[in-house]
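S.K.: Following the hints, position chain B against chain A.
Number of protein chains: 2
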Amino acid sequence: MKMSNGVEWALHSCVTLSQSHEPVPAARLAELHGTPPAYTAKHLQALSRAGIVRSTAGQVGGYTLTRPAAQISVLDITQAIDGTEPAYRCAEIRQRGPLGIPAGQCARPCAIARTMATAQQAWSRALAEVSVADLAAGIDADSGGTALADVRGWLLGTRS
Amino acid sequence: MKMSNGVEWALHSCVTLSQSHEPVPAARLAELHGTPPAYTAKHLQALSRAGIVRSTAGQVGGYTLTRPAAQISVLDITQAIDGTEPAYRCAEIRQRGPLGIPAGQCARPCAIARTMATAQQAWSRALAEVSVADLAAGIDADSGGTALADVRGWLLGTRS
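In the order they appear, the protein sequences are chains A and B. At position 150 of the first sequence the residue is numbered 151 (the numbering used here), and the sequence of numbers has no breaks. At position 124 of the second sequence the residue is numbered 125 (the numbering used here), and the sequence of numbers has no breaks.
In case anyone wonders, no lab produced these hints; they're calculated from the structure. A hint or two may mislead.
Note that identical chains are pooled: a pair holds if it fits in a single copy or bridges any two copies.
Dumping the calculated DMTMM-like pairs for lysine to aspartate or glutamate here, alpha-carbon to alpha-carbon at most 25 Å [unchecked claim]: (1) K43 with E93; (2) K3 with D151; (3) K43 with D83; (4) K43 with E23; (5) K43 with E32; (6) K3 with E93; (7) K3 with E130; (8) K3 with D141.
One chain only, chain A, in its complex shape:
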């Protein structure tokens, strides 16, 4: 089971955007997080399609969050990048072979699929409980309270 590495980038970028009152150009997000422009653009498009960021064109154009950071969960961002399909996809093995169950009797997911769905829900719930604001607070606490001020300063510096 693997998550796309774009998820880490998207989470860092949303924390960064939560610290700015102005749109942040894609190139600046790429610079801050050390990622190539094409990689950055692809993932910003995914966040935009999911309604998490919006872009503003023009001289001071760039990306902003569409809602307060406390209202964007880690699950929202993970699903924007990695999709909403559950990790386990049942191929209905129970319908195959000499003891195969007729499809008409398989409306309810089998015990295996139910177990996987329960685990997926536990995972989703854990990610839904943490917001971008929580991540920002955690990152700031880890730095002894300097990280977010540094990000804000760097973002302002790029405007001057």
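M.R.: This is chain B only, laid out in the frame that chain A set:
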């Protein structure tokens, strides 16, 4: 995030093996679950490497579970097929770019990685709580109590 489709096959096969007192040949497992021999062999090898099944050679050779079905969890089987790596792998984006944190200060996982680890633990715990015996009971209950008897009958029939 995707799980290998071999996980479904391995779970069904371990439920099947839990119903047999005799070794079950790989070809019979493949027949029962409608999977190609090479696919079957590959996943039986993975289960064997993880110590969940063992093979017996000879005229009545085949595969058996190495311990009671109540002592084999869905997590054991999932990790045997899909590996034990967590879904999220941190690429230490926090160390990159103009505000990068020196590697020496990154001993503790960052707030993002900690959130992902919490979700992974919730997922793992849900799968560790369900055994092959639980799955067998669930599958039997879904069938109104005929499924496991049918499997045992079919397995015995192949020996006669």
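S.K.: Work down the list of hints and note, for each, if the structure agrees.
M.R.: So, going through the hints one by one against the coordinates:
1. For a Cα distance limit of 25 Å, the shortest separation of K43 from E93 across copies, 20 Å, qualifies, whereas the shortest one inside one copy, 34 Å, does not.
2. When the C-alpha separation of K3 and D151 is checked against a cutoff of 25 Å, the pair qualifies neither within a copy, at 32 Å, nor between copies, at 37 Å.
3. Taking the closest pair of Cα atoms, K43 and D83 come within 25 Å of each other only inside a single copy of the chain (12 Å); across copies the shortest separation is 28 Å, beyond that limit.
4. In this assembly of identical chains, K43 and E23 lie within 25 Å of each other by CA distance solely inside one copy; the values are 21 Å within and 54 Å between copies.
5. Within a single copy, K43 and E32 get their C-alpha atoms as close as 15 Å, which meets the 25 Å cut-off; across copies the closest is 44 Å, which misses it.
6. Taking the shortest alpha-carbon separations for K3 and E93, both the intra-copy value of 22 Å and the inter-copy value of 17 Å come in at or below 25 Å.
7. Taking the closest pair of Cα atoms, K3 and E130 come within 25 Å of each other both inside a single copy (21 Å) and across two copies (22 Å).
8. Neither within a single protomer nor between protomers do K3 and D141 lie at most 25 Å apart by alpha-carbon distance, with minima of 28 Å and 32 Å respectively.
Hints 2, 8 from the earlier list are contradicted by this structure; the remaining hints agree with it.
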